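S.K.: Whenever a hint applies, use it, and build me the whole structure from the sequences.
Okay, here's what each chain looks like letter by letter:
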Amino acid sequence: MLKIEGIQTFYGNIQALHDVSIEINEGEIITLIGANGAGKSTTLMSISGVEQARHGKIIFEGQDITHMDPDKIVQLGIIQVPEGRRIFPFLTVAENLDMGAFLRNNKEEIKRDIDYVYSLFPLLKERRSQAGGTLSGGEQQMLAISRALMAKPKLLLLDEPSLGLAPIIVQQIMNIIKKINTEQKTTIFLVEQNANLALKLADRGYVMETGKVTLNDTAKNLRENDAVKKAYLGI
Amino acid sequence: MDLQYFFELFVGGLTKGSIYALIALGYTMVYGIIKLINFAHGEIYMIGAFTALIIASALSFTGMNPVLIFLISTILAIIFSASYGVTMEKIAYKPLRGSQRLSGLISAIGMSMFLQNYVLLAQTSDFLPFPNLIPEFKFLEPVKSLISPSGFIILVTTAIVMILLTYLIKFTKTGKAMRATSQDPKMSQLLGINISKVITMTFIIGSSTAALGGVLISTHIGQLNFYIGFITGIKAFVAAVLGGIGSIPGAVLGSFVLAWTESFGTGYISSDYEDVFAFLFLIIILIFRPSGILGRPENKKV
Numbered sequence: 000m001l002k003i004e005g006i007q008t009f010y011g012n013i014q015a016l017h018d019v020s021i022e023i024n025e026g027e028i029i030t031l032i033g034a035n036g037a038g039k040s041t042t043l044m045s046i047s048g049v050e051q052a053r054h055g056k057i058i059f060e061g062q063d064i065t066h067m068d069p070d071k072i073v074q075l076g077i078i079q080v081p082e083g084r085r086i087f088p089f090l091t092v093a094e095n096l097d098m099g100a101f102l103r104n105n106k107e108e109i110k111r112d113i114d115y116v117y118s119l120f121p122l123l124k125e126r127r128s129q130a131g132g133t134l135s136g137g138e139q140q141m142l143a144i145s146r147a148l149m150a151k152p153k154l155l156l157l158d159e160p161s162l163g164l165a166p167i168i169v170q171q172i173m174n175i176i177k178k179i180n181t182e183q184k185t186t187i188f189l190v191e192q193n194a195n196l197a198l199k200l201a202d203r204g205y206v207m208e209t210g211k212v213t214l215n216d217t218a219k220n221l222r223e224n225d226a227v228k229k230a231y232l233g234i
Numbered sequence: 000m001d002l003q004y005f006f007e008l009f010v011g012g013l014t015k016g017s018i019y020a021l022i023a024l025g026y027t028m029v030y031g032i033i034k035l036i037n038f039a040h041g042e043i044y045m046i047g048a049f050t051a052l053i054i055a056s057a058l059s060f061t062g063m064n065p066v067l068i069f070l071i072s073t074i075l076a077i078i079f080s081a082s083y084g085v086t087m088e089k090i091a092y093k094p095l096r097g098s099q100r101l102s103g104l105i106s107a108i109g110m111s112m113f114l115q116n117y118v119l120l121a122q123t124s125d126f127l128p129f130p131n132l133i134p135e136f137k138f139l140e141p142v143k144s145l146i147s148p149s150g151f152i153i154l155v156t157t158a159i160v161m162i163l164l165t166y167l168i169k170f171t172k173t174g175k176a177m178r179a180t181s182q183d184p185k186m187s188q189l190l191g192i193n194i195s196k197v198i199t200m201t202f203i204i205g206s207s208t209a210a211l212g213g214v215l216i217s218t219h220i221g222q223l224n225f226y227i228g229f230i231t232g233i234k235a236f237v238a239a240v241l242g243g244i245g246s247i248p249g250a251v252l253g254s255f256v257l258a259w260t261e262s263f264g265t266g267y268i269s270s271d272y273e274d275v276f277a278f279l280f281l282i283i284i285l286i287f288r289p290s291g292i293l294g295r296p297e298n299k300k301v
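Residue numbers (numbering that gives the first Met the number 0), protein chains in the order written: chain A, 0 to 234; chain B, 0 to 301.
If you are wondering where the hints come from, they were derived from the structure by calculation, not from laboratory data.
It cannot be assumed that every hint is accurate.
Here are the simulated BS3-like pairs of lysine-lysine, each with C-alpha atoms no more than 30 Å apart in a straight line [as the list claims (entries may be wrong)]:
1) B:Lys-172 <-> A:Lys-71
2) B:Lys-196 <-> A:Lys-71
3) A:Lys-106 <-> B:Lys-196
4) A:Lys-184 <-> B:Lys-172
5) A:Lys-219 <-> A:Lys-178
Derived coverage of chain A by chain B (criterion: at least 3 residues anywhere in the stretch with Cβ under 8 Å from a Cβ of chain B; other residues may be distant) [to be verified]:
6) 70 to 82
7) 91 to 98
Small disclaimer: the values here were computed from a predicted structure and weren't measured.
Positions of the beta carbon are idealized from the N, C-alpha and C atoms, including for glycine.
M.R.: Given below as structure tokens:
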């Protein structure tokens, strides 16, 4: 579905990604784990077209999207929930969801999807006329995922959804991600520092260090890999 | 106290505030989206007035109904100025997007000087008379000393524009996208909002209302020259800052507060100090509310 072939992304003269190659098949949950500053978020921003790769190729469903504008990429069905959730603080919860559906026009379908995300997170329905900035961290993460779902993603990119949340909320979010994957058949690319959690949820995983992919295997094998255990699982 | 005099000053301030508001909207909306003080915005207002004058003068030879001439020249002035605004953004601001804020500001000042001198060369430095196209309204007869027909048109038009704009910003998809972009441009992109289109839209709206203000004030005062955009532009900018730059209700509120300060200050104290009142008031407000009356304090994440 998505094929990243040796991309190199730069911030000015500083190279953030060195020859990163990742492949994601339809219906999978793939995780990308690594320490702070390894280039995980940059990889996502390169896919979304916000930080375009200087070399290499990104192919989505047979189409080269490496140098496409971000809004065109969203139109193809790749939606990102960025790090830090980035809820519009002065828009209401309902308006935030409307923005997720920005490129869609079928009012009935949009209405149905709003009902669907409200069924996933009933709390959001209660707070729909509240400003996004007044929600707690966990609620904002729920809203961020819901907003992305409103765009009808084929491939959902999630950047550190567990960051700064209480363990019980993290578990709830992870369950929802699994549910979206099975119920909506949405392919998921999950970037996480919490490797333990990510490798439990994912089918396959990639490990990233200082801008390079150093390992890739099934999630099960990665969980048992000694290097991964030592570096990321704290065992 | 002379009540009649008080109301004259009040209505005078209201009219002036309406014009400030029509211009201040452009400053505040552009700032809200691209964090740029568009110093050439006053020139758009001036170009709007000039366009209307040229078209109105040309049409007056046809013997057309003055009201119709007024409508046609206003609409054409709006279209013309909006295309100036959009072109200005593409030439002077878009290439500088993502660079330091100061570069955009300098580019804006350059654009302002360029447009002023361009009109000065293409037209003239003299004050030109603007034809009176507004008819007498019968129902204004009892309050004739308070409000003129053109003043009445200014108030009504501004009220309609404000209502339409509120609707646009609050309820339409475009309006929501504009608000989203001003709060977090990068996130807006990730949801498929085309930032360039939102910016173009902002310049179209801002330039249109400024042009409308230019046409209205010229019919009201009856004359114009290439320099009218400068001082009125600065005043509208002060109004936008006063109300809280980036905030649309703030710009409107700031405009009326500023206009009333000027109006009552000149009426009761001295007409020599009109600009002093305006800027003194700005300083006082900014001491107590640094982000303006309705402005949001900038949140710095540490």
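S.K.: Which of the numbered hints above does this structure break?
M.R.: When the structure is compared with the hints, none of them turns out to be violated.
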